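Visitor: Residue numbers (our numbering), protein chains in the order written: chain L, 16 to 333; chain R, 16 to 333.
These aren't lab readings, by the way, just hints derived from the structure by calculation. Treat the hints loosely; a few may be bogus.
No distinction is drawn between identical chains; accordingly, a pair holds when it is met within one copy or between any pair of copies.
To be verified - As a list, the in silico DSSO-like pairs of lysine-lysine whose alpha-carbon atoms are at most 27 Å apart: (1) Lys116 to Lys160; (2) Lys109 to Lys84; (3) Lys326 to Lys174; (4) Lys109 to Lys322; (5) Lys147 to Lys322; (6) Lys147 to Lys302; (7) Lys34 to Lys194; (8) Lys73 to Lys253; (9) Lys84 to Lys34; (10) Lys122 to Lys327; (11) Lys233 to Lys251; (12) Lys191 to Lys160; (13) Lys116 to Lys327; (14) Lys271 to Lys322; (15) Lys174 to Lys219; (16) Lys327 to Lys109; (17) Lys40 to Lys147; (18) Lys160 to Lys122; (19) Lys34 to Lys68; (20) Lys194 to Lys219; (21) Lys147 to Lys17; (22) Lys253 to Lys271; (23) Lys187 to Lys257; (24) Lys327 to Lys40; (25) Lys147 to Lys160; (26) Lys214 to Lys322; (27) Lys174 to Lys40; (28) Lys219 to Lys116.
Quick caveat, the model's predicted, so the values are computed rather than measured.
Number of protein chains: 2
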Amino acid sequence: MKINIGIVGYGNLGKAVEKTVLANKDFNLVAIFSRRTVVSSFNTTVEPYENFKEYSSKIDVMMLCGGSKSDLEIQTPEVLEYFDCINTFDTHAKITSEYEKLGELAKNTNHRLIMSCGWDPGIFSIIRAMFKSIGGNEPITFWGKGVSMGHSDAIRRVKGVIDGVQFTVPNKEAIKLAKQGSLSQDIPLHFRECYVVSKKEDEKSVEEQIKKIPNYFKGQPTTVNFVSQTQLQKLKEKLYHKGEVIESFSNACGSKFQMSFAVSMDSNPEFTASIMSAYIYAICNLKENSMTGSFTNLDIPVSYLFKSSDKKSLLSLC
Amino acid sequence: MKINIGIVGYGNLGKAVEKTVLANKDFNLVAIFSRRTVVSSFNTTVEPYENFKEYSSKIDVMMLCGGSKSDLEIQTPEVLEYFDCINTFDTHAKITSEYEKLGELAKNTNHRLIMSCGWDPGIFSIIRAMFKSIGGNEPITFWGKGVSMGHSDAIRRVKGVIDGVQFTVPNKEAIKLAKQGSLSQDIPLHFRECYVVSKKEDEKSVEEQIKKIPNYFKGQPTTVNFVSQTQLQKLKEKLYHKGEVIESFSNACGSKFQMSFAVSMDSNPEFTASIMSAYIYAICNLKENSMTGSFTNLDIPVSYLFKSSDKKSLLSLC
Numbered sequence: 016m017k018i019n020i021g022i023v024g025y026g027n028l029g030k031a032v033e034k035t036v037l038a039n040k041d042f043n044l045v046a047i048f049s050r051r052t053v054v055s056s057f058n059t060t061v062e063p064y065e066n067f068k069e070y071s072s073k074i075d076v077m078m079l080c081g082g083s084k085s086d087l088e089i090q091t092p093e094v095l096e097y098f099d100c101i102n103t104f105d106t107h108a109k110i111t112s113e114y115e116k117l118g119e120l121a122k123n124t125n126h127r128l129i130m131s132c133g134w135d136p137g138i139f140s141i142i143r144a145m146f147k148s149i150g151g152n153e154p155i156t157f158w159g160k161g162v163s164m165g166h167s168d169a170i171r172r173v174k175g176v177i178d179g180v181q182f183t184v185p186n187k188e189a190i191k192l193a194k195q196g197s198l199s200q201d202i203p204l205h206f207r208e209c210y211v212v213s214k215k216e217d218e219k220s221v222e223e224q225i226k227k228i229p230n231y232f233k234g235q236p237t238t239v240n241f242v243s244q245t246q247l248q249k250l251k252e253k254l255y256h257k258g259e260v261i262e263s264f265s266n267a268c269g270s271k272f273q274m275s276f277a278v279s280m281d282s283n284p285e286f287t288a289s290i291m292s293a294y295i296y297a298i299c300n301l302k303e304n305s306m307t308g309s310f311t312n313l314d315i316p317v318s319y320l321f322k323s324s325d326k327k328s329l330l331s332l333c
Numbered sequence: 016m017k018i019n020i021g022i023v024g025y026g027n028l029g030k031a032v033e034k035t036v037l038a039n040k041d042f043n044l045v046a047i048f049s050r051r052t053v054v055s056s057f058n059t060t061v062e063p064y065e066n067f068k069e070y071s072s073k074i075d076v077m078m079l080c081g082g083s084k085s086d087l088e089i090q091t092p093e094v095l096e097y098f099d100c101i102n103t104f105d106t107h108a109k110i111t112s113e114y115e116k117l118g119e120l121a122k123n124t125n126h127r128l129i130m131s132c133g134w135d136p137g138i139f140s141i142i143r144a145m146f147k148s149i150g151g152n153e154p155i156t157f158w159g160k161g162v163s164m165g166h167s168d169a170i171r172r173v174k175g176v177i178d179g180v181q182f183t184v185p186n187k188e189a190i191k192l193a194k195q196g197s198l199s200q201d202i203p204l205h206f207r208e209c210y211v212v213s214k215k216e217d218e219k220s221v222e223e224q225i226k227k228i229p230n231y232f233k234g235q236p237t238t239v240n241f242v243s244q245t246q247l248q249k250l251k252e253k254l255y256h257k258g259e260v261i262e263s264f265s266n267a268c269g270s271k272f273q274m275s276f277a278v279s280m281d282s283n284p285e286f287t288a289s290i291m292s293a294y295i296y297a298i299c300n301l302k303e304n305s306m307t308g309s310f311t312n313l314d315i316p317v318s319y320l321f322k323s324s325d326k327k328s329l330l331s332l333c
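Using the sequences and the hints given, assemble the complete structure.
Guide: Laid out in structure tokens, this is it:
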């Protein structure tokens, strides 16, 4: 019997999830729900967002593909009341409060939510927890080269900026030092490459303002390049990304150890879609074991990423 | 309250676990059980193996540090009847049958066993399962440079061999191709470097015999070096090792993705000890949740590698 899937949101991520779900014979894609008037390139049924409740008997798992900022905080509780859900919520400061609040809602409505389920947060979270538990140190994460949505948003809020995008570029020297366990705090982990569309007369002020934004750019090696709207559009279409988590540690005997985990992808949303789709099986396993509530990737054993009928053959991966 | 730990077996692994457990304030090392007459360098109480039953009210978790072949198959069921246990059982062909047999015993005696809990099998198993669930392909594992116990044993069984050790060396070209997703079946993954002590007149026959051993050396690039007993002893003391798991995949859209996980260690037994020690917390979490039976690393969420009181702060790793 196939697992019936719904998708909420039809941006880059929603489209990637649609393609990934359609390519898997275990899944049956029932409908996409969107607040905008959209047409699926694969003839998937598209419904207005508010119609999702009518599907409560027809869909097993809802894939929430909106953005953390404007969509997920509102849509997750609305949809979770009726469905088991997976989202990619990545506003770090709010993960704990959302986890608790939504966990209560999920328990009360007999559902499960797997939240923050992408590559970071997501499988990188699993790796950071594994590394910390084994080595005891805080793991170091490097991102890029690839677009950072948060930093791009920060640029676009600057007065005089018409449009902009930011590429995060990891400092190769810092990666090398992190692997050796000799990274010091004064070495920048990342370079910030900004591409901005502005009026000629605003350029000087825009560059100054960007470099002063606390948490995002201040104190970090930042370059600001002014480009045309056409050039910027091309840069915004770059979906490739990379990332690496590193832990070095020494034990009581003075022996040294190093662990690292790296991913590289042509398309950030398509990689995220592959991970979300793997966790559809986790929803099924949680349900079979009568477990309800909110879960992050940290709470879910990897054996849950396979059909329960495959559990025995899974031991061959040991 | 501290977690009371016992160690069964006092070879390289038992000694490494002793040091790792002593270095952690959450643990209280109660006793080492050995079939041989041994003395702990840290004044830990040493008891004859058969006395372990007398400690059933004094020890929470038993760390089984014997070898898979001669010790674990016998000792695991004997000790598991009285204690929660962790072992590093790595005879792949028997993992499924041991998992089932010991799972039944653990359930009947109200205990938990975490088996095959090292780096491979162990955390590499988690990574292989994660990679397969996301990418769909069989992940490729590279080991070395480091000593392979299995291959060293195979050498020592050859007629005319007085002593021997085998270093597994990964083929760098194969690693590169695996990352690109273009590895073909005719490329060897590993080179086999053998160091052997033999009588001069046996050398030719020994080299021929080694290179013919099926599964271990036949069809694989193998070099046999004849050395003195003193030289061999030094080589056998090399405890460093490395390993890497790689998965490349393409999705339905033709986009390419790559995931890799690498470890490097000064001491193989000490790294294994760090991993086993992290899973002591998993035993506690399983117990708090009234879960009994046999478990591999695949069955255990990484959140279980932390004290249950730390669960909330763990979300900061997401």
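Visitor: Against this structure, judge whether each hint is valid.
Guide: Now for the hints, and whether the structure bears them out:
no., hint, in the structure
1, Lys116 to Lys160, "neither (35 Å within a copy, 49 Å between copies)"
2, Lys109 to Lys84, "within (11 Å within a copy, 50 Å between copies)"
3, Lys326 to Lys174, "neither (56 Å within a copy, 42 Å between copies)"
4, Lys109 to Lys322, "between (32 Å within a copy, 23 Å between copies)"
5, Lys147 to Lys322, "between (29 Å within a copy, 13 Å between copies)"
6, Lys147 to Lys302, "between (30 Å within a copy, 22 Å between copies)"
7, Lys34 to Lys194, "between (37 Å within a copy, 24 Å between copies)"
8, Lys73 to Lys253, "neither (36 Å within a copy, 60 Å between copies)"
9, Lys84 to Lys34, "within (24 Å within a copy, 47 Å between copies)"
10, Lys122 to Lys327, "between (30 Å within a copy, 18 Å between copies)"
11, Lys233 to Lys251, "within (23 Å within a copy, 53 Å between copies)"
12, Lys191 to Lys160, "both (16 Å within a copy, 20 Å between copies)"
13, Lys116 to Lys327, "between (36 Å within a copy, 13 Å between copies)"
14, Lys271 to Lys322, "between (39 Å within a copy, 25 Å between copies)"
15, Lys174 to Lys219, "within (12 Å within a copy, 80 Å between copies)"
16, Lys327 to Lys109, "between (38 Å within a copy, 13 Å between copies)"
17, Lys40 to Lys147, "between (37 Å within a copy, 16 Å between copies)"
18, Lys160 to Lys122, "neither (40 Å within a copy, 50 Å between copies)"
19, Lys34 to Lys68, "within (24 Å within a copy, 58 Å between copies)"
20, Lys194 to Lys219, "neither (39 Å within a copy, 43 Å between copies)"
21, Lys147 to Lys17, "between (38 Å within a copy, 20 Å between copies)"
22, Lys253 to Lys271, "between (39 Å within a copy, 14 Å between copies)"
23, Lys187 to Lys257, "both (13 Å within a copy, 22 Å between copies)"
24, Lys327 to Lys40, "within (21 Å within a copy, 37 Å between copies)"
25, Lys147 to Lys160, "both (25 Å within a copy, 25 Å between copies)"
26, Lys214 to Lys322, "neither (56 Å within a copy, 55 Å between copies)"
27, Lys174 to Lys40, "neither (49 Å within a copy, 53 Å between copies)"
28, Lys219 to Lys116, "neither (45 Å within a copy, 72 Å between copies)"
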